[in-house]
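S.K.: For the protein sequence lines, the chains are A and B, in the order given. Start counting the first sequence at 1; every next residue gets the next number (my numbering). Start counting the second sequence at 1; every next residue gets the next number (my numbering).
Keep in mind the hints are simulated off the structure, nothing from the lab. For glycine and all other residues, C-beta sits at the position ideal for the given N, C-alpha and C. Check each hint, because a few of them may be wrong.
[Unchecked claim] Covered stretches of chain A (chain B as the covering partner; in silico rule of three or more C-beta atoms under 8 Å from a C-beta of chain B):
#, region
1, 92 to 105
2, 177 to 190
3, 199 to 209
[To be verified] In silico contact screen, one side only, chain B against chain A (beta carbon under 7 Å); selected entries:
#, residue
4, PRO59
5, ILE60
6, GLN64
7, ILE89
8, VAL90
9, ILE93
10, GLY94
11, ALA96
12, LEU131
13, GLY132
14, ASP205
15, PRO206
16, GLY207
17, LEU217
18, TYR218
19, ARG221
In case you want the letters, here they are:
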Amino acid sequence: MPLPKLLGRPAPPAPGEPAAMNPVQAGQEAGITVVDWIDERTQLSQGLRWLMFRKVPKGINWAYTLGSATLFAFLNQAVTGVFLAMYYRPDVNGGAYESIRNINDNVFLGQFVHGMHKWGASVMIVLIFLHMARVFFFGAYKYPRELTWIIGVVLLILTLAMGFTGYLLPFDQRSYWATIVGVNINNTAPFLGPYIGDFLRGGPEFGATTLSRFYAIHMMLIPGLMAALIGFHLYLVTKLGISAPPWLKAHEPEAVHEVVEV
Amino acid sequence: MPADRHKQSSKYTADRGMPGAFEGETVTRRRFMEGVTHGAGGIAAAAFTLPALGFALGPIFKRQPFQWQIIGTAADFTEQAYVTKVITIVEGIGEAGKSIAYVRKRDPQLDKEPHDQWNNYIALSSRCMHLGCPVRYVEAAERFICPCHGGVYNFRGEVAGGPPVRPLDRFYTYVPPAGHPGHGYIYLGPRYSVNSELERFSPRDPGQPLDGIGQFLYPSRFSTAVRPSINNLPLPPTVPGVGS
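Extracted from the complex, chain A is given alone in its bound form:
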C-alpha cells in the first residue's frame, strides 16, 4: 500500500528550481531575514563587530578578564536587585525587616537570590580591587588611558556608596548601628561634616525618611550613574585598545635599526 502523500518523501526539485528547505534551514533563513531587516535599518552589526572583534596584543592572559568579571558581578547585582525590589518594603516601622524575613523564609528561592545579592556585593568589591591592581601593576593606566582609570575610580567610589546604602536595607540591628556609625564617620569631615550628616539622614536624627532615602539612592540614583559610566568605560577600552603586558618587548620597525650614513 503506498504511503499517503503527506508522509512520503518530497518530490525532488525540478532542474533550475531551488532545493526545498527542511524546517531547520527554514528557521535559520527566517532568523537571518529578521536580523538583516533590523541591521539594514540600524547598522548595529558594524558597532558590534567594532566592539567584539578587536585586535588584542600578544601575551594577554587571565588577568585581563578581571574587568569583565567585575562587569558580570555588576549585572548579577542589577538582576538580583530588581527581583529583590519586588518583595522589599522600605518601611522603617518594622516593615522592612519583615519583608526581608519574608524573602528569606517564604519566597521561592528568596534566600538564594538574597544571598546572591549579598555575597555578590562582596565579590564585586574584591574583583574591582583585583582589576585595579592588574591595571596598576601592568601600567595600563598610562597615556592614553588616564581617563579610563579616572572613570574606574569614580565607579569604585560609587560601588562603595552602593555598599554603604545597601547595608541599611535589611534593617536589623547590625544595619541600623552600622549606618549610625557610617553617617557619623561622614560627620567628622571639618566644616561640611554636620551638613553631610543631615543630608544623608534627611534630618538631624535617624528618622522616617532615612531608610527610603537610602533605598532610593541604592536602587535608582547610583545604579543609573554606574550604568552610564560603565558604558563610557567600555567605550574607552574599545576605542583605545588593550595595553600589552609590560614584560612584552615592543617590536620596533626595521627602519629604526637602519644605520643612516651621513
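Got chain A; can you put chain B on it based on the hints?
M.R.: Only chain B this time, still in chain A's reference frame:
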C-alpha cells in the same frame, strides 16, 4: 591665518557680507536662534532639576520642633544611681525612633557645673560620642562603656578613656514648680552637647569635638542650630490626659 581673519571680521553682520544681513545687526539670526533654543532647554531642565534638588537638600535647612516628654516622678530617681528611661527621639517610626536616657538626680557635691532650672535632673544620652553606638552603664564600675570601639565615660559622663571626643550629650530636664501644670512630673526636653568643661552647646553629632578649635571646625547645623538659650526655652506643655 586665524589671527588675520579675526582682525578683519567686523561685529556687524552686514560688513561680514552675510546674505540678508540687516543694517546695524551684530548677532546673526542663526546665532540668536541657537541661544534661544539652548536657553529654553536650560529652563526646561532647571524646571525639574531645581525643585528635585531642593527636595533632596531640604532636610539640611529644616528646623526641628522642640519636644518634651514625661520620664517619671521624683520618686523614680536618686542621686547615687542611674535609671534607664526609654525616650522617643523621632515620632512615628516605632523602635527605630526610640533611644535611651540615663537619668539621676543632680548631686550638688558632684555636679559642679552651674545649677539652673534645666538640670535638677541629669539626663545623659546613650549615644557614644565616638561614632554613635549605644553606651551601657555598668553599675559595678560606675562607668559608661561603649561596645563598639571601647569608649569609657565616668559617672558624670566625662570621657574616662578610649576614642570619644567629648562627654556624653545631655538632655534638658524640667520640674514644674508647685501650682504649675505638670507639677510632680519630670520632663525631658531637647538634647544638647557639652565640651569637657560641661559647657552647653547646640546638639552636635558624635565624633565632633567641642574643645579648642573643634567648636569652629564643626559648626552647629541649621536643623538644630537655633536652639533657644536656656532663658527663653519654651515651657513644657501641660500634661496630656494626666490629672493631678
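S.K.: All hints, please: hold or fail.
M.R.: Here is what the structure says about each hint:
1. 92 to 105: holds (count 3)
2. 177 to 190: holds (count 9)
3. 199 to 209: holds (count 10)
4. PRO59: With a minimum Cβ separation of about 4 Å from chain A (threshold 7 Å), the hint on PRO59 of chain B holds.
5. ILE60: At 4 Å from the nearest chain A Cβ, ILE60 of chain B passes the 7 Å test, so the hint holds.
6. GLN64: Constraint on GLN64 of chain B satisfied, holds at 6 Å.
7. ILE89: holds, 5 Å
8. VAL90: holds, 5 Å
9. ILE93: With Cβ-Cβ at 5 Å, under 7 Å, it holds.
10. GLY94: It holds, given that the least Cβ distance between GLY94 of chain B and chain A is near 4 Å, below 7 Å.
11. ALA96: holds, 5 Å
12. LEU131: holds, 4 Å
13. GLY132: Holds: closest Cβ of chain A sits about 4 Å from GLY132 of chain B, inside 7 Å.
14. ASP205: Hint on ASP205 of chain B: holds, closest Cβ of chain A at ~4 Å, below 7 Å.
15. PRO206: holds, 5 Å
16. GLY207: holds, 4 Å
17. LEU217: holds, 4 Å
18. TYR218: holds, 6 Å
19. ARG221: holds, 5 Å
Of the hints listed earlier, there is not a single one the structure fails to meet.
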